[in-house]
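*Asks:* Quick mapping for you: the protein sequence lines, in order, are chains A and B. One rule links them: number in the working numbering = place in the first sequence (from 1) + 22. One rule links them: number in the working numbering = place in the second sequence (from 1) + 58.
Possibly wrong hints are sitting among the right ones.
Capping the alpha-carbon separation at 16 Å, the derived lysine to aspartate or glutamate pairs in EDC-like fashion look like this [stated by the list, open to error]:
| no. | chain 1 | residue 1 | chain 2 | residue 2 |
| --- | --- | --- | --- | --- |
| 1 | B | 427 | A | 181 |
| 2 | B | 427 | A | 126 |
| 3 | B | 427 | A | 59 |
| 4 | A | 193 | B | 384 |
A short list of chain B residues far from chain A (calculated; beta carbon distances all over 10 Å) [claimed, not checked]:
| no. | residue |
| --- | --- |
| 5 | 78 |
| 6 | 259 |
| 7 | 431 |
| 8 | 436 |
| 9 | 478 |
| 10 | 504 |
Keep in mind that the hints were calculated from the coordinates and are not lab data. Keep in mind that this is a model prediction, so the values were computed, not measured. Positions of the beta carbon are idealized from the N, C-alpha and C atoms, including for glycine.
Now for the letters of each chain:
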Amino acid sequence: MRFLLVEDNISLATAVLDRLRMDGHVVDHAANIAAAEDYSATTDYDLILLDIMLPDGDGRAFLRSHRSRLIETPVIVLTARSEVSDRVGMLDLGADDYITKPFDFSELEARCRAVLRRHGGDSSNQKRFGNLVFDPMAGTLSVAGKTITLRNKELRLLEIFLNAPDRIFSKPKLVDRLFSYDEDVSENAIEVYVGRLRKHLNGSGVEITTVRGMGYRMSLT
Amino acid sequence: MSDALQTSGSLRRRLTLQLVGSAAFLAMLLFFVVLAFARDVAQQTHDSILLASATSIMDSVSVQADEVTVDIPYAALSMLGNVSDDRVFYRIAMRGQVLTGYQDLPSTSQSVRSGHSAFDTLVYKGDSIRMVTSSRRLSLNGAPADIIISVAQTREGQATQLAQLARSALQLGLGFFLVATVLAFWTAQSSIRPLKQLTEAMSRRGPKDLRPVRRPVPSEMVPLVQSLNQFIARLRVSLSRSEDFIAEAAHRVRTPLATVRAQAEITLLRVDKPENRASLREMIRAIDESSRAAGQLLDHAMVTFRTDSLEREAIDLGDLTRELVDRLHPIAELKDIALTFDGSPLPEISGDQILIQNAVRNILDNAIKYSPYESAIQVSTRQVSHTVLIQVEDEAGGFADMDTDALTQRFIRGKNAAGTIGSGLGLTIAREVVEAHGGALIIETSGSGAGACVSLSFPLA
Ligand SMILES: Nc1ncnc2c1ncn2[C@@H]1O[C@H](COP(=O)(O)OP(=O)(O)OP(=O)(O)O)[C@@H](O)[C@H]1O
Ligand SMILES: [Mg+2]
Chain A
23 MRFLLVEDNI SLATAVLDRL RMDGHVVDHA ANIAAAEDYS ATTDYDLILL
73 DIMLPDGDGR AFLRSHRSRL IETPVIVLTA RSEVSDRVGM LDLGADDYIT
123 KPFDFSELEA RCRAVLRRHG GDSSNQKRFG NLVFDPMAGT LSVAGKTITL
173 RNKELRLLEI FLNAPDRIFS KPKLVDRLFS YDEDVSENAI EVYVGRLRKH
223 LNGSGVEITT VRGMGYRMSL T
Chain B
59 MSDALQTSGS LRRRLTLQLV GSAAFLAMLL FFVVLAFARD VAQQTHDSIL
109 LASATSIMDS VSVQADEVTV DIPYAALSML GNVSDDRVFY RIAMRGQVLT
159 GYQDLPSTSQ SVRSGHSAFD TLVYKGDSIR MVTSSRRLSL NGAPADIIIS
209 VAQTREGQAT QLAQLARSAL QLGLGFFLVA TVLAFWTAQS SIRPLKQLTE
259 AMSRRGPKDL RPVRRPVPSE MVPLVQSLNQ FIARLRVSLS RSEDFIAEAA
309 HRVRTPLATV RAQAEITLLR VDKPENRASL REMIRAIDES SRAAGQLLDH
359 AMVTFRTDSL EREAIDLGDL TRELVDRLHP IAELKDIALT FDGSPLPEIS
409 GDQILIQNAV RNILDNAIKY SPYESAIQVS TRQVSHTVLI QVEDEAGGFA
459 DMDTDALTQR FIRGKNAAGT IGSGLGLTIA REVVEAHGGA LIIETSGSGA
509 GACVSLSFPL A
């Protein structure tokens, strides 16, 4: 996926960029409206993440001109304003969704996924590995012609593994990626999800192996 | 707002009473003046006939061979009969001796010089009479002799005539009074009208309509309207300040928290040492606690502020709820919660959209927050007699042995809240919003005891 992040707060932007790239996305960063206009004029993005308070104006102005140019690219607004007073305006102006700062990366990810799904994600985003075909937007996994819909946690676990085959992920890292920090989750939960995923992967030529004392790894059998 | 303002009487009533009072006074004056005038005219007419009668008798007095002869003409007395059926008396006297007529007719107390006459109102035989006394000096036997002629008539005819006149005068006075009273009501009404129109224009306004009054008003009302406008301007400034302040405060608090949180989250992904990881997680939790608290506190402030003057519009609660549910889908999905919405078409209610969104949002937040993984939440809207109900049912265990009334108080959280982030304001906000709309927040545990069933009920207009 190709994302454009419009955010003037550099340290926040860096963190978001890091995280999105970690998930295997290509992300451009614009720190003001002018740069955002340039980027969006020259590149086709799958999604734009737009901050509202920008040094050279209101993000809503960009949103308006963006919509008036009839660009289909969905926009998720990042806002730190009170939801009570600002919510209505955002969606009225043509944003597809908004997220309130500070946000959880898993929430951001979930919102991106939902918006992209609504816009009808194209099949070019499908991932193939061994005999499996995985559509992260639709959340479907096809193994040997049989398609199932994955639960959110399974889907995200599979995505993490597929982004870096053969890499070992420790249980704590997987907990960080899968769960929000508000919950007290034991590492056993990861075992449960890995177990489920293994069942789905039966016959796909792909397996998740336990690396004793280190974590899990996905690889071709 | 609802406690009645003390009144110091009604302006219209005062005006009406004053005008009607003046009309009554004028009507009375009119009555007496007309009556006095009529009586005067009647008296004068009567007097002039009496005088004419006396004069014609006087004319018939002649002195022949030192003998006074009086030949009372028929017309002299009959002309009085023309006026009324009243009895006529006369007396002709000279040098204190009655020549002819009624001996006992009282005589005038005035001294009447020759060629003059005087009028008296006297009582004779129990009746009121009007009498003219004329005198003329003759010369008899070479000596002057005053001949005095009195003609009198009872006044019953005049009295009836006067009574008639009085009746007419009374009718005139009453008629005047009635017309004046109607005019007084109309005048009072129309002088109050600009005031009434201003009041209506002001009360028709929405609570957020803080434009100054521009309609033309009578000059007497200009100072009032000017101070009203100044007051509105001050109110507008202070209102927009508080609303902007709340929005701005949220922004100021959340922006740095967002930076720190994102950085901490990224760092956590790179750090391996368990102690470092634990403290980073603590940090993120603390950030979430503070941003949630700030957000809820500011939302609550906004809710308190907006419920003071509800900005009502027609709202379809079904649409509103569906939109919120749609927006929360990604969050529910994170916990693999099946969040479903079921709503039939509903009549619109009138309310503050932003407030109601906030209330429903808080109830949905709770359902998702307290629900276990892979459970279900059912949201529904429906009409129940004269209310519209938004119901959220979850499988989070419900409010078993919790004091649900207490939970709707500020900052009160339940036993099951340990380990989750929250500030104990969600149910408070929801309750205050529904109550401001005349509705109720109903907190129940579903029959099976599996979960909570929280309903927001709003009355139909
Ligand atoms: N759906 C629910 N199921 C079980 N318990 C609930 C539910 N909703 C609320 N509660 C209980 O009621 C308490 C008060 O809820 P409230 O929404 O007011 O505060 P909170 O969720 O703790 O904090 P916040 O202000 O962040 O929403 C909660 O702490 C929880 O114990
Ligand atoms: Mg709550």
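*Asks:* Would you mind marking each hint as holding or not holding in the structure?
*Replies:* Hint-by-hint comparison with the structure:
no. : hint             : in the structure
1   : B:427 with A:181 : 25 Å, violated
2   : B:427 with A:126 : 14 Å, holds
3   : B:427 with A:59  : 39 Å, violated
4   : A:193 with B:384 : 32 Å, violated
5   : 78               : 56 Å, holds
6   : 259              : 28 Å, holds
7   : 431              : 8 Å, violated
8   : 436              : 19 Å, holds
9   : 478              : 6 Å, violated
10  : 504              : 24 Å, holds
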